[in-house]
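Let chain H serve as the given structure and place chains D, C and V on it in line with the hints.
What follows is each chain in one-letter form.
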Amino acid sequence: MSGFDKVVHSYEEAMAGLTDNMTIISGGFGLCGIPENLISEIKHKGTRGLTLISNNCGVDDFGLGLLLPARQIRKIIASYVGENAEFERQMMSGELSVELTPQGTLAEKMRAGGAGIPAFYTATGVGTPVAEGKDERQFNGRSYILEEAIVADFALVKAWKADRYGNLIFRKTARNFNPLAATAGKITVVEVEEIVEPGQLDPDEIHTPGIYVNRLIQSTFEKRIEQRTTRAAGE
Amino acid sequence: MSGFDKVVHSYEEAMAGLTDNMTIISGGFGLCGIPENLISEIKHKGTRGLTLISNNCGVDDFGLGLLLPARQIRKIIASYVGENAEFERQMMSGELSVELTPQGTLAEKMRAGGAGIPAFYTATGVGTPVAEGKDERQFNGRSYILEEAIVADFALVKAWKADRYGNLIFRKTARNFNPLAATAGKITVVEVEEIVEPGQLDPDEIHTPGIYVNRLIQSTFEKRIEQRTTRAAGE
Amino acid sequence: MALTRDQIAQRVALELQDGFYVNLGIGIPTRVANFIPQGIDVMLQSENGLLGMGAFPTEAEVDADLINAGKQTVTMVAGASIFDSAESFAMIRGGHVDLTVLGAFEVDVNGNIASYMIPGKLIKGMGGAMDLVAGADNIIVTMTHASKHGAAKLLSHCTLPLTGKGCIKKVLTDLAFIEIKAGKFHLLERAPGVSVDEIIKLTQGELVISGEIPEMQF
Amino acid sequence: MALTRDQIAQRVALELQDGFYVNLGIGIPTRVANFIPQGIDVMLQSENGLLGMGAFPTEAEVDADLINAGKQTVTMVAGASIFDSAESFAMIRGGHVDLTVLGAFEVDVNGNIASYMIPGKLIKGMGGAMDLVAGADNIIVTMTHASKHGAAKLLSHCTLPLTGKGCIKKVLTDLAFIEIKAGKFHLLERAPGVSVDEIIKLTQGELVISGEIPEMQF
Numbered sequence: 001m002s003g004f005d006k007v008v009h010s011y012e013e014a015m016a017g018l019t020d021n022m023t024i025i026s027g028g029f030g031l032c033g034i035p036e037n038l039i040s041e042i043k044h045k046g047t048r049g050l051t052l053i054s055n056n057c058g059v060d061d062f063g064l065g066l067l068l069p070a071r072q073i074r075k076i077i078a079s080y081v082g083e084n085a086e087f088e089r090q091m092m093s094g095e096l097s098v099e100l101t102p103q104g105t106l107a108e109k110m111r112a113g114g115a116g117i118p119a120f121y122t123a124t125g126v127g128t129p130v131a132e133g134k135d136e137r138q139f140n141g142r143s144y145i146l147e148e149a150i151v152a153d154f155a156l157v158k159a160w161k162a163d164r165y166g167n168l169i170f171r172k173t174a175r176n177f178n179p180l181a182a183t184a185g186k187i188t189v190v191e192v193e194e195i196v197e198p199g200q201l202d203p204d205e206i207h208t209p210g211i212y213v214n215r216l217i218q219s220t221f222e223k224r225i226e227q228r229t230t231r232a233a234g235e
Numbered sequence: 001m002s003g004f005d006k007v008v009h010s011y012e013e014a015m016a017g018l019t020d021n022m023t024i025i026s027g028g029f030g031l032c033g034i035p036e037n038l039i040s041e042i043k044h045k046g047t048r049g050l051t052l053i054s055n056n057c058g059v060d061d062f063g064l065g066l067l068l069p070a071r072q073i074r075k076i077i078a079s080y081v082g083e084n085a086e087f088e089r090q091m092m093s094g095e096l097s098v099e100l101t102p103q104g105t106l107a108e109k110m111r112a113g114g115a116g117i118p119a120f121y122t123a124t125g126v127g128t129p130v131a132e133g134k135d136e137r138q139f140n141g142r143s144y145i146l147e148e149a150i151v152a153d154f155a156l157v158k159a160w161k162a163d164r165y166g167n168l169i170f171r172k173t174a175r176n177f178n179p180l181a182a183t184a185g186k187i188t189v190v191e192v193e194e195i196v197e198p199g200q201l202d203p204d205e206i207h208t209p210g211i212y213v214n215r216l217i218q219s220t221f222e223k224r225i226e227q228r229t230t231r232a233a234g235e
Numbered sequence: 001m002a003l004t005r006d007q008i009a010q011r012v013a014l015e016l017q018d019g020f021y022v023n024l025g026i027g028i029p030t031r032v033a034n035f036i037p038q039g040i041d042v043m044l045q046s047e048n049g050l051l052g053m054g055a056f057p058t059e060a061e062v063d064a065d066l067i068n069a070g071k072q073t074v075t076m077v078a079g080a081s082i083f084d085s086a087e088s089f090a091m092i093r094g095g096h097v098d099l100t101v102l103g104a105f106e107v108d109v110n111g112n113i114a115s116y117m118i119p120g121k122l123i124k125g126m127g128g129a130m131d132l133v134a135g136a137d138n139i140i141v142t143m144t145h146a147s148k149h150g151a152a153k154l155l156s157h158c159t160l161p162l163t164g165k166g167c168i169k170k171v172l173t174d175l176a177f178i179e180i181k182a183g184k185f186h187l188l189e190r191a192p193g194v195s196v197d198e199i200i201k202l203t204q205g206e207l208v209i210s211g212e213i214p215e216m217q218f
Numbered sequence: 001m002a003l004t005r006d007q008i009a010q011r012v013a014l015e016l017q018d019g020f021y022v023n024l025g026i027g028i029p030t031r032v033a034n035f036i037p038q039g040i041d042v043m044l045q046s047e048n049g050l051l052g053m054g055a056f057p058t059e060a061e062v063d064a065d066l067i068n069a070g071k072q073t074v075t076m077v078a079g080a081s082i083f084d085s086a087e088s089f090a091m092i093r094g095g096h097v098d099l100t101v102l103g104a105f106e107v108d109v110n111g112n113i114a115s116y117m118i119p120g121k122l123i124k125g126m127g128g129a130m131d132l133v134a135g136a137d138n139i140i141v142t143m144t145h146a147s148k149h150g151a152a153k154l155l156s157h158c159t160l161p162l163t164g165k166g167c168i169k170k171v172l173t174d175l176a177f178i179e180i181k182a183g184k185f186h187l188l189e190r191a192p193g194v195s196v197d198e199i200i201k202l203t204q205g206e207l208v209i210s211g212e213i214p215e216m217q218f
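Protein chains in written order, with full-length UniProt numbering: chain H, 1 to 235; chain D, 1 to 235; chain C, 1 to 218; chain V, 1 to 218.
Chain H on its own, in the form it takes in the complex (with noise of 0.2 Å):
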């Protein structure tokens, strides 16, 4: 089945096509689940202009954050973009366009994206600036604003362990953005823990089916922590 063969070997062929102003849509929440070798790829290649959509945008020194020094990226569109001084400094100097997205509402939009439903009700952000030109309507009584789907010429995925065909299973809340990544980009790149054979990974656990992944690539990963927060031993 060679035409299903997703692997790629290096991460200049994970990103090949890549060129200045395109969408790319990222996986992630904080700094868990994050395609953190996909975005130092990027941020080597040094494509500009990027339109990025993500739930956060990293730290100063790891994960998206990692696009801001030479000024990569032009416009994010994400629920909260604390913990990033860089971050700030080009937002209030408008270098960078910020457009903030309810989180529920931003996975929502992703995953109509990948579902082929254009647009979709909510009413998440009715009555607030999230609301402002957009279309409202009753149903049953109640307020809803219009909220348009969202696709990606990128999509960049970390996942746990796949298949050679592009099954993936994601670990605990790494999962988080990722699946709904997966289907909204017109290519799906994915980054993974580990690569097993078609047929050792049971049907009902997969997460992400193959068919939305085009591109797949097996690394080692930091996983830096945000919070390390912990308790004593005994308590």
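Calculated from the structure, these hints are not laboratory results.
Using N, Cα and C, we set each Cβ at its ideal position, and we do this for glycine too.
Treat the hints loosely; a few may be bogus.
Stated by the list, open to error - Simulated coverage check for chain H against chain D, where a stretch passes if three residues somewhere in it have a Cβ under 8 Å from a Cβ of chain D:
(1) 40-53
(2) 93-100
(3) 140-152
(4) 163-176
(5) 196-205
For chains D, C and V alone, kept in the frame of chain H given last:
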């Protein structure tokens, strides 16, 4: 965690509160993954005037078809209703009201109902009888129709395994509409083949989190096959 | 000679490409799986929630929990995945399936298709067909070119209630392989031994004949 | 005496019921988990995709792949489940979470809440707060009753950009437990040693005092 123990010990208890003229969503595709014992309980109860939302309506002597002889169903919303003589008779005579809905739209309407999305746009059905009376709108130069969410008084679900808290795992294509049905019931009742203790299911492998489940019952299943199609062993 | 059902399936199979995710409807389309060319691998999507459908099971393999969209017992290939109906149609509606093959009663020059309902006759429902035709970019309709009584099914306007509007670009009948573009049928190939005149006679919508029309190769 | 942050959390915890699925925001709401009454079990939802959040991990248990919505390392209880962000907010938006506790800058008599943005100051974003306030039927807002400088936060009209409109029914401050209905604040309880007059003075929106107002019991 007694407050989270969803297990009930009789079908009477499982379907308590179901009364005439209520709306029911049922999981299942054909006879695969149908909540067969919950359906039998409704037959036994004799509840009438029901509006049923299910992809199909069983066969004459199994599945939802069992509710036809005593005319317990007033209306059905389904995508495909063949293979059932009594169904055809009641439909042709006007005793049974049938609202045909495309399969993907039906699935999405259930998901939307559970997810607090009151309505969504889809290209499915544009220019067909399904579009009649529905809002039509263009996005990126293509026409879409507005479809509204579905919720029901009861959702009936068949899963494979569950823990006492109602976390569910489905098996193979018996999954189908079941996880969607589970989200869209005011009261969601699930029957399963095996109930285990909380902690025995891997949190990454749970298809339906227990938050959607109100009642859980363990039973045995006939699992009738509609089209038994085989090949010779050597082929 | 008009193509047999298997020959129609065989000709459709030549449109497959290595790595295609394919949804095959009930009837002739299902048979396409029997003619997948050497060196080409495809994965079959079954809209009830299975990607990577395999052969029918042996008696020993039969599993009531594993069926296809035609409700037949099936198996899974290595690398298959299972998902719920919303995910299955997200895949279809979102345009992730590379090729959809399905039957029809009528197709017209504007790419409209009627396939699920004959008024006055028993209505069984559209199942997943409306989602499939609305979701796929690449659809091949398989059908007989005309009815037993010679009534055309390739029309200027569909007469039956539509399954989808403006979504069909390719039709393979027992007589011809036809492309639909800019409001016209275009004859691409004819069945071996079938004349262009014969095809013209049995086609009601405008049919463009451009140059020599080759016979189908299998 | 005004309540401490822990006392606010402790009073909120008395609103929990056995079997509640609860989402606790960052700050004071997080502390509610430390005061769950005896005999009551709740399951904590973390909107980044976890139902059944447990205690912070020991050093040995720390797992970079297991965090809460505040990005802190956490553990899971037995019976926990993991899901993606769309499913997590389906749960929230669909009204399946029994109680949401979150902080705010301002609340008004119409149940409006402002909690994510102070114009001119740094804007970090609403995260999941807009979804949480729009999705839950049962929300408790926790905040200090007034600013350090005595400026009211319980207003006739919110002055800051809203997080949600008409969605707040209960507010627990360091001074009072207040219900919002029919366009008015209703004083339900006062902090031990805090007078009704003191609460009236620090409340700008219309406050209904009906009969004797009891002191909070812990």
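The hints, checked one at a time:
1. Only residues whose C-beta sits within less than 8 Å of a C-beta in chain D count toward coverage, and the segment 40-53 of chain H has 0 of them, not enough to reach three; the restraint is violated.
2. Counting residues of the segment 93-100 of chain H whose beta-carbon sits less than 8 Å from any beta-carbon of chain D gives 0, not enough to reach three: the coverage restraint is violated.
3. Check on the segment 140-152 of chain H: 4 of its residues sit with their Cβ under 8 Å from a Cβ of chain D, so the three-residue criterion for coverage holds.
4. For a cut-off of 8 Å, the count of residues in the segment 163-176 of chain H with a CB near a CB of chain D stands at 5, and the three-residue condition holds.
5. Figure legend: the segment 196-205 of chain H, annotated as covered by chain D; annotation consistent (3 residues with Cβ-Cβ distances under 8 Å, at least 3 required).
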